[in-house]
Each structure stands twice: as C-alpha cells, then as structure tokens.
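Please dock the two separately framed chains into a single complex, following the hints provided.
Chains A and B, in that order, are what the protein sequence lines are.
The first sequence begins at 1 in full-length UniProt numbering and counts up by one.
The second sequence begins at 1 in full-length UniProt numbering and counts up by one.
Honestly, the hints are just simulated from the structure, not real lab data.
All of these numbers come straight from a predicted model, not from anything done at the bench.
Where hints are given, some of them may not hold.
Computed cross-link-like contacts, DSS-like style, restricted to lysine-lysine with a CA-CA straight-line distance of at most 25 Å [what the hints assert, rightly or not]:
#1 A:Lys248 <-> B:Lys34
#2 A:Lys245 <-> B:Lys90
#3 B:Lys58 <-> A:Lys245
Which stretches of chain B does chain A cover? Using the computed rule of at least three CB atoms under 8 Å from a CB of chain A, they are [unchecked claim]:
#4 78-86
#5 94-103
#6 114-125
Note that beta-carbon positions come from the ideal geometry of N, C-alpha and C, so glycine has one too.
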Amino acid sequence: MVTYIIRRLIGALAMLFVVSAVTFSIFFVVPRLAGVTPDDMANRYVGRAATAANVQATAQKLGLYDPVVVQYGRWVKGVFVGSEYDYGAGVEHCPAPCLGYSFVTKQPVWPDLVDRLPVTLSLAAGASVIWLVIGVSVGVLSALKRRSIFDRGAMIIALAGVSLPPFFTGLVALSLLSYGLGITAPGGAYVPLSENPAQWAYSLILPWLTLAFLNAAAYARLTRAGMLDTMGEDYIRTARAKGLKESKVIGKHGLRAALTPIVTIFGLDVGILVGGAILTENAFSLQGLGKYATTAIAANDLPKIMGFTMLAAFFIVVANLIVDLLYAVVDPRVRLS
Amino acid sequence: MTFLQLNDLKIHFPTDDGLVRSVDGLSFQLERGKTLGIVGESGSGKSVTSLGILGLHKGGRAKISGEIWLDGEELVSASPEHVRSLRGKKMAMIFQDPLSAMHPYYTVGDQIIEAYRIHNNVSKKVAKKHAIDMLGRVGIPQPDRRVDSYPHEFSGGMRQRAMIAMALSCDPELLIADEPTTALDVTVQAQILDLMRDLQRDFNAALIIITHDLGVVAELSDDILVMYGGKCIEYGSADDIFERPEHPYTWGLLGSMPRLDREVTERLLPIKGSPPSLINVPSGCAFHPRCAFEPRTGGKGSTLVPDLVETEGGHLVRCHLSREERRDIWATEIKPKLES
Numbered sequence: 001m002v003t004y005i006i007r008r009l010i011g012a013l014a015m016l017f018v019v020s021a022v023t024f025s026i027f028f029v030v031p032r033l034a035g036v037t038p039d040d041m042a043n044r045y046v047g048r049a050a051t052a053a054n055v056q057a058t059a060q061k062l063g064l065y066d067p068v069v070v071q072y073g074r075w076v077k078g079v080f081v082g083s084e085y086d087y088g089a090g091v092e093h094c095p096a097p098c099l100g101y102s103f104v105t106k107q108p109v110w111p112d113l114v115d116r117l118p119v120t121l122s123l124a125a126g127a128s129v130i131w132l133v134i135g136v137s138v139g140v141l142s143a144l145k146r147r148s149i150f151d152r153g154a155m156i157i158a159l160a161g162v163s164l165p166p167f168f169t170g171l172v173a174l175s176l177l178s179y180g181l182g183i184t185a186p187g188g189a190y191v192p193l194s195e196n197p198a199q200w201a202y203s204l205i206l207p208w209l210t211l212a213f214l215n216a217a218a219y220a221r222l223t224r225a226g227m228l229d230t231m232g233e234d235y236i237r238t239a240r241a242k243g244l245k246e247s248k249v250i251g252k253h254g255l256r257a258a259l260t261p262i263v264t265i266f267g268l269d270v271g272i273l274v275g276g277a278i279l280t281e282n283a284f285s286l287q288g289l290g291k292y293a294t295t296a297i298a299a300n301d302l303p304k305i306m307g308f309t310m311l312a313a314f315f316i317v318v319a320n321l322i323v324d325l326l327y328a329v330v331d332p333r334v335r336l337s
Numbered sequence: 001m002t003f004l005q006l007n008d009l010k011i012h013f014p015t016d017d018g019l020v021r022s023v024d025g026l027s028f029q030l031e032r033g034k035t036l037g038i039v040g041e042s043g044s045g046k047s048v049t050s051l052g053i054l055g056l057h058k059g060g061r062a063k064i065s066g067e068i069w070l071d072g073e074e075l076v077s078a079s080p081e082h083v084r085s086l087r088g089k090k091m092a093m094i095f096q097d098p099l100s101a102m103h104p105y106y107t108v109g110d111q112i113i114e115a116y117r118i119h120n121n122v123s124k125k126v127a128k129k130h131a132i133d134m135l136g137r138v139g140i141p142q143p144d145r146r147v148d149s150y151p152h153e154f155s156g157g158m159r160q161r162a163m164i165a166m167a168l169s170c171d172p173e174l175l176i177a178d179e180p181t182t183a184l185d186v187t188v189q190a191q192i193l194d195l196m197r198d199l200q201r202d203f204n205a206a207l208i209i210i211t212h213d214l215g216v217v218a219e220l221s222d223d224i225l226v227m228y229g230g231k232c233i234e235y236g237s238a239d240d241i242f243e244r245p246e247h248p249y250t251w252g253l254l255g256s257m258p259r260l261d262r263e264v265t266e267r268l269l270p271i272k273g274s275p276p277s278l279i280n281v282p283s284g285c286a287f288h289p290r291c292a293f294e295p296r297t298g299g300k301g302s303t304l305v306p307d308l309v310e311t312e313g314g315h316l317v318r319c320h321l322s323r324e325e326r327r328d329i330w331a332t333e334i335k336p337k338l339e340s
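Chain B with its partners taken away, still in its complex shape (with noise of 0.2 Å):
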C-alpha cells in the first residue's frame, strides 16, 4: 500500500468575495524514503495543501473534500482530535521562517521538549536529554548549553536547524518542509538541504518539500509536481521536470530560473502577468492568459479545462497542445534558448 496517496483532494475557502479555490482536485502519491517536491508561485495552492494533510484547516472556515490517505487511513473523514494526535508523531512539518515560527518566550529547549512529551510520556529531564541530541544531530554546536537559549539569540540557519530538530523529534514518517530554505542566506541554504537529505536517510520519512525554488527540488526531490491555480499541471521525475518538461508553465519555471553554469548572453525568460485570481479562475485552462502557445490549441485554451494525461512513463501533464506539438516546441524552440 501507498504511504501517502492524496485523492482528488479539494481545500475551498468561502469568503465575502466569493470561493476561494486554493487546492482544486489535487492527486499524488508518495512512499517512504522518497521526496517529492512541489514547485509553484505565491498562491499556487502549495501552503495550503500541506497544511491541508496535516489537518490544520480542520474546525475552520475551510470546504475540504477528496481523501488523503496516510499509511492505511484516510484523514479527511478522520476526527480533528485523531488527525491531531498524529501531527508531529506520524507526520511533522518544517516551517518557512524559524523566527517567526518558533515562540519568543519559550526556550529552543523548551519547544522541542513540549513537542517530544506530547507523544512520549517521559520526565522533563528525559524529555531534555532528547532535546539535546536531537539539537546535536542537526548540527547545533554545545547543544548542553544552547537547549537554554531563545529563539531570538540563533542565527537564522541554526533556528532552522532547531526547527528541524523539533520536528523530528517524534521520528515522523512524513516530514513537510514548507519553503524551508527560503528565508536563509544562500550559504546557509545549500547546508539545510544537505542535512535535510542526510536525516531524511537516517529517518527513512517520505519528505514533501514545498517550495517556489526549482534550484531547491533539483538537488532533493525524486519526483516534482508542478501546481498552478491549485492544480497540478504538470507531475514527473526529476529528470522528466528538467530534462523532458512538457507543460508551458514548467518551460517558464526553468527560463526564469538563473545558472550559474552558463554565460550570461541572454536576459532570463520571466513569465508574462501574474498568478490567477483563485476566485475568478481563468476558464479553461487556468495558464491560458499567460501562455504563448494558447492560440496553437485552437481556442481550446480558453473554453476547456484540460485533463491531466500520462505522455510516458509516470509523467503527467495537463496541457491542450499534443504530445507531438509539445516535444517539438521543447525542442526547437525552448531548449535551445535555455542552454544558450
């Protein structure tokens, strides 16, 4: 049995303006050891996914519908109080800035106790010595003396680090890393995502990492989803995402993406307009205002939603153009300016 399967699922805030359709029929699945990493802008529906698997929009204004299945149990029609004594035991998440998700007041210690005693019944003083081998094993240095200290006197990578710390500390088989690098200094970035592979192996945890960086899910990730307006457009491996993409949107992500390894002839490719309102979804498909090659579907682009169709292999894509039409603009028309 899958580990992680995601059926369908639907996350639609009602507000004064109108639905909000944040997560609109979305599918995956994930076993453990494995990464998946979702790529997508501000607004894609990333978040709200995430969020969504850990239950944490349950009790609110949220519409949930679809199924997510985690090792054997479905989570939507589960209870909150179920779906909360597995959060941060069976499955935890790391958030995008450490120093505005870890509380002031309390102790990185103390943090990391309070969620190790939530799902173990050990002393304090158990619960501590944990605390502190957990905060050695990311990497903390003196982890006996900085278990004491406050969130505000860590640097930015060492609260991610506790923040990793914390959210292994139950040893989850899902760990959720919500833009996890986002927030740090480009040195320390490359380290998180070292440590964050390297625990994900002691761990064997299925890792979804969240994230608007394709540079990011390249050095992590197995496979990618590619969101868009709260769908997935585009789903594969690694190599399907970069090296045979077939979704406009995708060849967009990588043109806009900077690289170090080639010489700077050419500006970046950014992509036309901005992301789609989540209420009033464009019809049809939802990237057509933005895509270059919508007059090539015939006016389809605009009338009709397309289906998310299998080209090869597990590579998934939701695009009007045909999978002929499509290798040849990757071909002739994308790659070439890219390696440029």
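So that you can see chain A by itself, here it is in the shape it has in the complex (with noise of 0.2 Å):
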C-alpha cells in the first residue's frame, strides 16, 4: 500500500514535468518553427518606440537566443528556486515557486493565481455538493420508477441539462432570477467565505446551480444506468431471498455497486473544475482561475497561460491520484500492490 502510494507519487510528479514540458513546447518552439524569432518576442517586452537594438538587449537579457532546451530549465529552475527577469528597464524578482512572470501586469504568476483559487474552490465546492445529492438521488428514483412520468420528464431535463452550455444557462438564470426577479445576487459578486458564510453562499448559489445542472444531468443519467445494471445482478435477487426489506435492497446492496463508477468520475470532475470553471466563471463574472485564463489568453499574456495550465494539470493528477486510492477503499477487489 505505502509502496504502491509512493510509485504513484512518482508517477504524479513525471506527469506533471511530461505536461509542462508539452505546455513549454506549445508556447516557445511551436511558434519558433512557425517563422516567429526571439526578437519578435523580445517585443512583447519593450515600449513601443524601441529600436531594433533595444529589441535585441532585452533578446539577449531574457535568454531568448538561448536553446529552448535551457530555456525550459530555467523555467523548472524558477518553480523550485524563483528567478530574476532582467528585461533592460530593470530587474523583477518572482520568488519560488515562480511559474513565471507576467510582462503584461508586470506581475509574478504565482500570487496571482493563490488569489483567484479560493473563488473557484468555493465554486467547485458548492457545486459539486449539489450535483452529487441531486444527480445521485434523481438517477436512483429514474431507474426504481423506471418508464414512469417521473423517470421520463426527468430524463428530458437530464438531456437538456448535459446539452446547454453554461454560458446560456447561467445568463438565462441572471436575467430571470438576479436582475428579473432579484432573489439571487448579481453577476460578479463574491464574498469571502472567512467573511459572511452566509453572503458567501448567498452570492455563490447562482453560479452553483448552473455548474450543478450541467453536471447532475450528467450524473442523474450514469447513476440511473448503473442502478439499472445493478438491480439486475445476482446478488440484488440473493439479497431479497434472505429476505431483505426492498429499501435496503436498493441502498446497501444496490447503490453500493452503482456508486463504484460515480465515485471516480466525481473525482475527475472536482479536479477538473478546480484548475477552473472558464464557461461558469465568465458567465458570472467570478475572478476565479477559470476567468484569469479567459483574460490571459485574451491578452496573449504566456507565462499567464502556461502557469494556468500547470496549476489545472497539477489539481487533475491529485485527482486522479485520490480517485484510485479511493477505488480500493471502494472496491475490495482492488488491490493495491
């Protein structure tokens, strides 16, 4: 078991350098081969009214001219031990771990990105309660009162709520329900949890709900599979022979199997959405990571980019670490060795 937890460990933190140096790849050779030269970066950098020499300094100061290959090291090196930009006007600390630094807001990376994490936690969180509760709960009735009015008009819904993008249900219920109705806060309020739990919630449970309609859709319609599959099963007719009231038929014996496979796409998705809900975050305005992303990719701004892009990868790989240790835990089948 500790073995098997420390291979995986390994396995996590290769993965982590494969993403990174796929993600470096993307952003520093790939527009290299297209025809862009080191200058053509440097001038990201520069005023407007730089000379050519100018250009060139900030080139050299940056490493830009060097192979990629250092390039890339000095960006791992910076993650460990921080580093120094030095672009001619001056020079800017970024401390470790430093997933780069921003010339657009003339910022490090990093902090930033610990700033916006607590929206999309507190939005991931909430969400992921409530599409879990609903999802489970309405999958299980649909597959019980399976061809019932029920079951049918909750699939309906089901199909609905896994087709429309957040983007359209989230601006549908702002319109109706915050500046319609107004029972729900506008578009791009938050409030610290630390602050008021309840304002917290209060001006999160807009966001929830979209984010947890699009997922317990898809949770309502696995979960009702599964149960179907599972009340078929040997065991299920076992159990009712040993004379087993039909509520525990269902919840210890049947929802038990069921929830095997919801258990480990719950924890991709949690990890999935904490490297940041972009379609719901942009719907409400929420300056989480999901939002910081949008605004990066807008601005062209790459080391934004690419140390988003490290923070999602990093949360996906724990998730998915979670999820197999949690399958053993799940699953007595499975062993861990």
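Structure below.
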C-alpha cells in the first residue's frame, strides 16, 4: 500500500514534468517553428518606440536566444528556487514557486493564481455537493421508477442539462432571477467565506446551480444506468431471497455497487473544476482561475497561460491519484500493489 | 397437512412479443425431510417456479395464479411484506453461481450476519459467532478467519459452501437449491451434494433441487418432477423415473445422460430439436414436434393437450400414448439401447 502510494506519487510528478514540457513547447517551440524570431518575442517586453538594438538587448537579457531546452531548464529552476527577470529597464524578482512572470501586468504569476484559487474552490465545492446529491438521487429514483412519468421527465431535463452550456443557462438564470426577480446576487458578486458565510453562499448560489445543472444531468443519467445494471445482478436477487427489506436491498446492496463508477468520475470532475470553471466563471464574472485564464488568453500573456495550465494539470493529477486510492476503499476486489 | 403444496400454479409474463407462459399449471407436494428434484431443459420453468415460491416475482410484471401452501399458509394471495418476512427464515434459496450471487463488496461473514439479523434480533457480535459456527458446519476450514474474507478470495466450492451457510443461517424449513452444482468443478460437485444431504438430515428441511442434470437428482431425490414447456410431464419416485420412465421426453433425458458404468459402444442419444418457445407453445402436446412417437398418437399429439394421469402408485405421466404402448416402447425400444 505504502509502496503503491510512493510509486504513484513519483508517477504523478513525472506526469507534471511531461505536461510542463509539452506546454512549454507549445508556447516557445511551436511559434519558433512557425517563423517567430526571438526578436519578435522580445518585442512584447519593450516599449512601443523601442529601437532594434533595444529589442535585441532585451531578447539577450531574457535569454530568448538560448536553446529552448536551456530556456525550459531555467523555467523549471524558477519553479523550485525562484528567478530574476532582467528586461533591460530593470530587474524583476519572482520568488519560488515561480511559474512565470507576466510582463503585461508586471507581476509574477503564482501570487495571482493563489489569490484566485478561493473563488474557484468555493464554486467547485458548492456546485459539486449539489450536483452529486441531486444527480445521484434523481438517477436512483429514475432507475427504480423506470418508464414512469418521473423517469421520463427527469431524463428529458437531464438531456437539456447535458446539452445546454453554462454560458447560456447562466445568463438566462442571471437575467431572470437576479436582474428580473432580484432574488439572487448579481453577476460578479463574491464574498469570501471567511468574511461572511451566509453572504458567501448567497453570492454563489446561482453559479453553483448553473454548474450543478450541467453535471447533475450527467450524473443522473450515469447513476440511472448504473442502478439499472446493478439491480439486475444476481446478488440483488440473493439479498431479496434473504428477506431483506426492499429499501435496504436498494440502498445497501444496489447503490453501493452502482456508486463505484460515480466516485471515479466525481473525483476527476472536481479535479478538472478546481483547475478553473472557465465557462461558469465567465458567465458570472467571478474572478477565479477560469476567468484568469480567459483574460490571459485574450491578452496573449504566455507566462500566465503557462502557469494556469500547470496549476490545472496539478489538480487533475492529484484528483486522479485520490480516485485511484479511493477505488480500493470502495471495491475490495481492487488490490493496490 | 402437507408441508408444501402447489395447486395449479401459473406464472405468466406479459411482454411486447406476447404472453410468456413460464409456468403453466404446476402442482406438487413436498413433506419435511423429503427431497424433490425438478428436472428440465433451460427455459422449462424450473427457476421461475422456485423464485415464485419465494415470492420474488411479486410486485413485478408477472401474472401469478394458483395456490402455494406453505405450512398451512397460502402465499400467492399473501401480502408481499408477509412473504418477505418468511423469506430467508422459513424458506431459503441456494443459487447457481455463488460468485455472482454474493455481493462482491461485502465480506462473506457480513453477508451471513445480515441474513441472520434480518430475522433474529441479536447483536452483531452474536450474529458473527453464529456466522462462524455456520461456516464451520458447512466445512470451511478456519472459519473464524475466513469469516472476514471477501467472496472473490474463496474458491468456487468454498463460495457455494458459504452460500449454503447463508441460506441455512436462519434454520429454514424449506430449502430450494437452483442448480447448486452447475458452476462447480466435477470433484467439488460431489462434495457439495454430500454436504447438502447431510445438512438436510440435520435440519430436517424439505429440499427442492432444481437441475438439468439427472445425475444430481439421482443422488439426492426421493421424488422427481420432469418439466417441459412450463408443465409437469412426468412425476414419480426416483425409482419410477430411472427404472420405469414412461414419458418420451424422460427417455430422451436418460438417453442423453453420459454414464461411466457402461461401455462406450454407442453415442449418446440426444433429443432432437430445441426447447419450445414459451410464447408460441406448440399446439397439443408441447413436446410433439420433437417426439419420435408422435405418429403413434393418431394425430392427437398436435391437437390435444394431454392430461397428467396417474399410471401407477403416485407415478404421473402426461402423454397420449396408452400405458401399455409406453411400457412396451420402454421395454423393447428404449431400455435395451440405454443398457447396451
């Protein structure tokens, strides 16, 4: 068990290196292959009226003439020990963990990401609880009342939920509930949990529901399919043959087995979400990681995009690891060795 | 009063393709301490009958009629909740494939403890002790350790033993074993059959063994019921069925049973064709399309459903041939082939 975890941790670390190398290549090698010169890249970091000599000096100082491998090595080193960015007009310090330095906002990337994280975490935590509870309950009821009006209605709504993107449902919900009826907080509202828990929940309820609608729909369908499968298993018949009450047959024997795939998907979904709920954050103007990413992409701010990508990858890798460990807890047939 | 009595039990399932007559007018009796073997091909209605006795079709789509009397109580008309309270306690079941019939996420012990505690208001500790006792009784070595194992950690034979321990945990008076040895190795089959015989004697339960394997029923049964197309086509003591069978289908079953005690001079005698559809049951005798003796019935085979008639001392046969014809065919045409 311990060796398994250690091995998986090493694997996770290797995975992050691969992700960083690939991301780095996309941002620094691919443009070069497409004909972008180091001078072109340095052009971003100097003023509008810079002379060619100025640009070359900056490119020289930022190491843009160095081989890509050396540049990547410098980036990795920065993650562990921090780094300095000398762009000619001055030297910017970027302490470890330095995921890059944005010359657009003149700030290191990491502190920004840390600032944004609570918003995204709040969004992910609330939404995931809601969609898990609603999705699984609706899925179970649908499976048990198969072909009933409830089942058909729920599955139609679920189809809508899976099909409608949050930038649509979110905006419709905002205009109806916040600006029309005024019962929920307007877009862009966010109160930290530490300041006022009630306000925190109030400000986030609409984004939670929007995001939960999307995923609850998927979970309802998944749970329904899983329950239908499980309730036809031989061990369910055995449980009934023992004289077990039907509620226990469903809850203890049926749901337990049907939930295994749900646990897997749930872990990964939360991991992906913590890396930024891009569409929902944009729809509600929440200043989370997803919004940070879209802003950075719009501004062509490579270090930010790179830093965000790395953080998102980190969460997904961690989520994967947790799911794998959890799997062994849920299903005793899985042996971690 | 008879301990278990079925009167004209019918279990039909409406489907999009038509009505499936899985069990179509089945009657039999069984006393405590006795064993009834129900034999038939896949789809003859054997398993549906056993699940019907346990009331596991209640609340589903099945249409059930007739009577099931268990120790003075009628179960077809009883409330589902009442039948549930009898399940596991008064009547219990052993299933075919113990790997899929046990929940993979719970330990063997937990599953026996659960079965025991449904019907006995005892602490987990007491129930666990009982589970260990039961596991020991069905011949599982080191039961105090194996009680915490998961089903997948058991071998096939051990799992079936555990399944039997679970079924017997509440001391049921009726035990139904649905193909209890089909999923097991041949060497283990004999052990399980021995175990079931011993336990039945200890518990004095009525035992129904459902199987397609005549060898299994020969080993255990007092009486044998042969099913075909949802109906009983021959019923009698084990001697009746093995020494004086009168139904062509039973002859076919005996002919297709490999035997090691005779020389391999001839091939097995398989029954031609395949089991009937339970939606479009053949007219007349359901077996007539596969019956070699149908021409001798003078056309009755394909038009009239034969009645189940007593031929001699509790030996019932459903066949258009006369008793004399059947005995003659058995003595001159079938028996010599089986013994050659």
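### Task
Starting from the hint list further up, note which numbers the structure goes against and sort them upward.
1
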